[in-house]
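Chemist: Quick mapping for you: the protein sequence lines, in order, are chains Z, H, G and X. This note's numbering applies: residue 248 is where the first sequence begins, and numbers increase by one. This note's numbering applies: residue 248 is where the second sequence begins, and numbers increase by one. This note's numbering applies: residue 248 is where the third sequence begins, and numbers increase by one. This note's numbering applies: residue 248 is where the fourth sequence begins, and numbers increase by one.
Since the hints were derived computationally from the structure, they do not count as laboratory data. Treat each hint with caution, since some may be false.
Because identical chains share one entry, a pair is satisfied inside a single copy or across any pair of copies.
[As the list claims (entries may be wrong)] List time: in silico DSBU-like cross-link candidates among lysine-lysine, alpha-carbon distance up to 30 Å:
id	residue 1	residue 2
1	425	396
2	405	266
3	266	401
4	396	266
What you are looking at is a predicted structure, and each value in this text was computed from that prediction instead of being measured.
Protein chains: 4
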Amino acid sequence: MIIFLSEGMSSAHADEMIKGLNDFGVTAHRTVFGDRQVVVTSIGKPGSRPDDETLQAGIRSAYHVERILVVDTSCQLANRQVRPEGSVVRAGTFSVGGGHFGVIAGPCTVETERQTCETALAVRDAGATALRGGAFKPRTSPYAFQGLKREGLKILAKARRLSGLAIVTEAMSPEEVKLVEEYGDVIQIGARNVQNYRLLEAAGRARKPVLLKRGFSTTIEEWIMSAEYILAGGNDRVILCERGIRTFEDYTRFTLPVAVIPALREMTHLPVVVDPSHAAGRADFVLPLAAASVAAGADGLLVEVHPDPKSALCDGRQSLTFEEFKRMMRQCTDVRACIG
Amino acid sequence: MIIFLSEGMSSAHADEMIKGLNDFGVTAHRTVFGDRQVVVTSIGKPGSRPDDETLQAGIRSAYHVERILVVDTSCQLANRQVRPEGSVVRAGTFSVGGGHFGVIAGPCTVETERQTCETALAVRDAGATALRGGAFKPRTSPYAFQGLKREGLKILAKARRLSGLAIVTEAMSPEEVKLVEEYGDVIQIGARNVQNYRLLEAAGRARKPVLLKRGFSTTIEEWIMSAEYILAGGNDRVILCERGIRTFEDYTRFTLPVAVIPALREMTHLPVVVDPSHAAGRADFVLPLAAASVAAGADGLLVEVHPDPKSALCDGRQSLTFEEFKRMMRQCTDVRACIG
Amino acid sequence: MIIFLSEGMSSAHADEMIKGLNDFGVTAHRTVFGDRQVVVTSIGKPGSRPDDETLQAGIRSAYHVERILVVDTSCQLANRQVRPEGSVVRAGTFSVGGGHFGVIAGPCTVETERQTCETALAVRDAGATALRGGAFKPRTSPYAFQGLKREGLKILAKARRLSGLAIVTEAMSPEEVKLVEEYGDVIQIGARNVQNYRLLEAAGRARKPVLLKRGFSTTIEEWIMSAEYILAGGNDRVILCERGIRTFEDYTRFTLPVAVIPALREMTHLPVVVDPSHAAGRADFVLPLAAASVAAGADGLLVEVHPDPKSALCDGRQSLTFEEFKRMMRQCTDVRACIG
Amino acid sequence: MIIFLSEGMSSAHADEMIKGLNDFGVTAHRTVFGDRQVVVTSIGKPGSRPDDETLQAGIRSAYHVERILVVDTSCQLANRQVRPEGSVVRAGTFSVGGGHFGVIAGPCTVETERQTCETALAVRDAGATALRGGAFKPRTSPYAFQGLKREGLKILAKARRLSGLAIVTEAMSPEEVKLVEEYGDVIQIGARNVQNYRLLEAAGRARKPVLLKRGFSTTIEEWIMSAEYILAGGNDRVILCERGIRTFEDYTRFTLPVAVIPALREMTHLPVVVDPSHAAGRADFVLPLAAASVAAGADGLLVEVHPDPKSALCDGRQSLTFEEFKRMMRQCTDVRACIG
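Please construct the entire structure, taking both the sequences and the accompanying hints into account.
Modeler: The following block contains the structure:
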């Protein structure tokens, strides 16, 4: 059960409500959703006491309540019913969800100022609305290049000034969340950290939107519950990003389960973008996977683009050239025009 | 190594070539591809003796040879290099591959003449070019309804006369292949039989095209090798049909791995159609999956349609109504117009 | 609902009962289980009409009935409740299930009389109770060696005369089932044919036991339902053989899901043997996987053994030498002595 | 390439060597392995320059080097070749690896002092050598009970004083690593954090052993590389814990891929323990999975035990009673006596 307090109500009013609920044996959690104080009662199965009509009536009579929503899944604030029209997440020039299509493009890794800025201008001119680029890189090997770190963030900030594009970049720890908040616009949480709950809590406290990638074998329910951690922490600006799951199929790097798009649309109000680059693992499959994602209703794309893929420090095999990205944008724009 | 004999050469000439190859320690297989006699030398790794230039020169000098093709995978006749432009498979009004888009629609199971004929007319009017419907049904339980069998084939034949649509229907044994040849137009081999080699051999001897579904966890290579069985048997009219694979993801019935479409296009000349109905397992996801498949470059679709899905004997949950199918066709036609 | 007729009742009596059931709107299937006539009413959910106590009372009063069993899964004759003590399947010297441990060993493929007979004697002396060896080989490529066929069966029959071991060998079509019945003792159905229903029906008509391998991604329920096809056909001597499933894990050829052993013991009375050779795909992992299977309660093992694995025509990498097989047998015998 | 410096060499000597390597274009990483300074050169493919014999000779002549090891995988310090005899990891009464069998048992979650202490005594008396129990609980839902945190650690410390058992408990962030170091004996890193590189780095700096669980779909290589992060950080006391992977099979909670045990033994010197409780997800399957793991060569077990599973706050369904745990220990001890 989610209780939205009336406009203008303070956290003190919510705390008071929680005390009242506790007296009825109901535990509850307080947070902020958009500009409203919200109280979420603990999971509790459908039909159990907290959903009791008497309880709801009691709450309405004792507190300033705008809306009470009872949902039938363990996903609460992320539930589609909370915002049936879909959430729009905005960061500067970048908008995604609720009818807005957002395209995030750029190199896997920030290598040099020139590489980053050149890419920013090229993808902007082709229609991208945000720039991606890794400063903190999660690498399988501890001996591999780990990213330019703060130096990389500074380069990204320059690329923003130059291109006007919002910056999407990854954070791997609460400290890095703060740095990305300082230099960037959207905090990316990578596939490997999708259930790193301390990081999700930090993202919940951040004042910038969060792009949450799906883990290699996270179920859809688990993934949405990870988003719920961020929402429960007070940050309702979460974008979900599918990047392929791990299956027996090894012809591509990962398997893009395209049905995830209507599935998420059914379950959650959060925008859904697709990363065809990691799913495919090879540049020549990025266009068909991107077009398929758009046709299935994705709210946006996250694509790796590099001025010279062959010389890329990381993931060059799956990066598009500027020319290929332009072609992909043309095709995806056309496909998007066909669908509702 | 595939050796295409010159036009007009007989099987006797091919047999003679095989004897000659045997003398060089090379085993070989004779078949017909299109209207030509073909000799395929046994797998043998790239670089091994049969690929020897001297051997090729010897073959050319001693026999009437049109073309010798050396491919670097175990897939031979199904290899893209054999027909780089892509195969077109035709059956009556139905054409698929090489630029032709084929839509096969109809009920999971032939239940009654009325249900079948009504559906045939409705899907034809909405743009389908073939009718599907099961007479022999592979069922998990031996006690479940197993299809109307020959009676069902007769109903399908009537629906063809009425609608003009080609008939696609499943065979589960060599005997059923013969019956489907007699009454239908395209022999479907189901996911569970994708590596039923005796059935594939029977399909190789058939004079009608074959639609070969992918198994729940067949790799792409294994699937193409199953098609190779049919080609090696002398039937070069094979259509591949993806219907979703089995993964940890259980939100949908199966997982549609959309990258299979460009993967097959790279590896084989055979047309690729997608069955979004079995992949999704629910009607409301069929449209997005169909549109995604078309956007990714599929050559066709296979879709379950029923006059009254709620009363269907089988798979009603995933069947479209006539109205939903019309909507799907409109959207897929639009998307198809956008892509190369 | 399964109705076991009294001893001595004929099929005519069962047919009469089915007519009676039909009059109550209940469809039913007649077969033989052991030496009894049996009627299985069609699936029908638990609680639905056929399970009605009145109906049961009616059946008991009108027919000669020994036992009526109502099971709560779609698996009927294979259900553990049918024989809570477990089935013993016997073929000559080979017994498996219900406390009997059966070890089937031998080459992947019958290559020569010498190779087969030598292996038969060696595995018998090490403790194997049956000989395996393929005469009809399911091969991914149509151009690969397909087995010695009838010639191979004759060699196996000789090896039986020599060693006294029962012969387990694969059939891929109803015709091959008949040949294996003629020359061998246990009909093996391979992983690729686990849902080849026409083949399962033929195995149901056979008078020899059947060893049914699990498919690469068959669920446990589907697999048992495939066994149910054989039981429903009148053959109650079915052995289930786990051989590894397909997962994302590619360090071994397949993944051996050891929990399948207690899972099957809970669901079905059929004996369970494990094939560690195909699961591992490499000889040095066969011993630990075999020991693990025995420790988890397997009723038997199916192991590939070859006099000279390096020269094997097929699967040499996963074949044990005679010496390795002896060591495996010693260890597995010790482990088996520790468990209930 | 791993360069082990001679006994007594300081980090300054290692830094000097790195500078020297840099001059040859080789990047390198310094750490401590056991009591020795170690320099690991960056991945570099086999055959590439750093492996050059001249370079090795140069290093040997210029620095105090005990051993240079060139391994052919990206896994370096975790490589079996580094300690072919296997590592023994010790923490108080608990020893695992290199012939030592370690059994960690206890409740999923520390609930009360009484529950924890009672369990500690019971599992100790049955033969366990360490106590597990969660104080920081990774929960899918932000609204679920998150553990007693520091209070839970204090209870665990009391249980250690009472029982003498070493404490194994999970940390989810660098801060929690410090707390677990203070109160516990072995730092557990959970499946969800197996690629949380900042946490792995913190574990590398810790002065207590680390038990690293496999992720739901981490490959064996990725998992070992995560252990390599800890080793590269200077902590060579790492225990690997398999807990089941995610596959299409849903009869059990996860699939226990028993071949992982010989696979890890081949690749790494680190001890391997198995958690049958999470793999099975149900108490009655824990014994067969534990016995199978021991038979396959596991160095230890991690098992959930609760005084009253039905009342457990978390994972009660998969927890053993004291009596069941005793039975499991007896069987596993017997099986272990049979194997090398």
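Chemist: Could you figure out if residue 405 and residue 266 sit no more than 30 Å apart (CA to CA) within one copy, between two copies, both or neither?
Modeler: neither (49 Å within a copy, 33 Å between copies)
Chemist: From the Cα coordinates, with 30 Å as the cut-off, is the pair residue 396 and residue 266 best called within, between, both, or neither?
Modeler: Cα proximity of residue 396 and residue 266: across copies only (23 Å, versus 44 Å in one copy).
Chemist: Can you give me the call for residue 266 and residue 401, within, between, both or neither, at a CA distance of at most 30 Å?
Modeler: This pair counts as between: shortest inter-copy Cα distance 28 Å, intra-copy 46 Å.
Chemist: Between residue 425 and residue 396, at a C-alpha cutoff of 30 Å, which is it: within one copy, between copies, both, or neither?
Modeler: Answer is both: 13 Å inside a copy and 25 Å across each meet the 30 Å cutoff.
Checked against the numbered hints above, the structure violates only hint 2.
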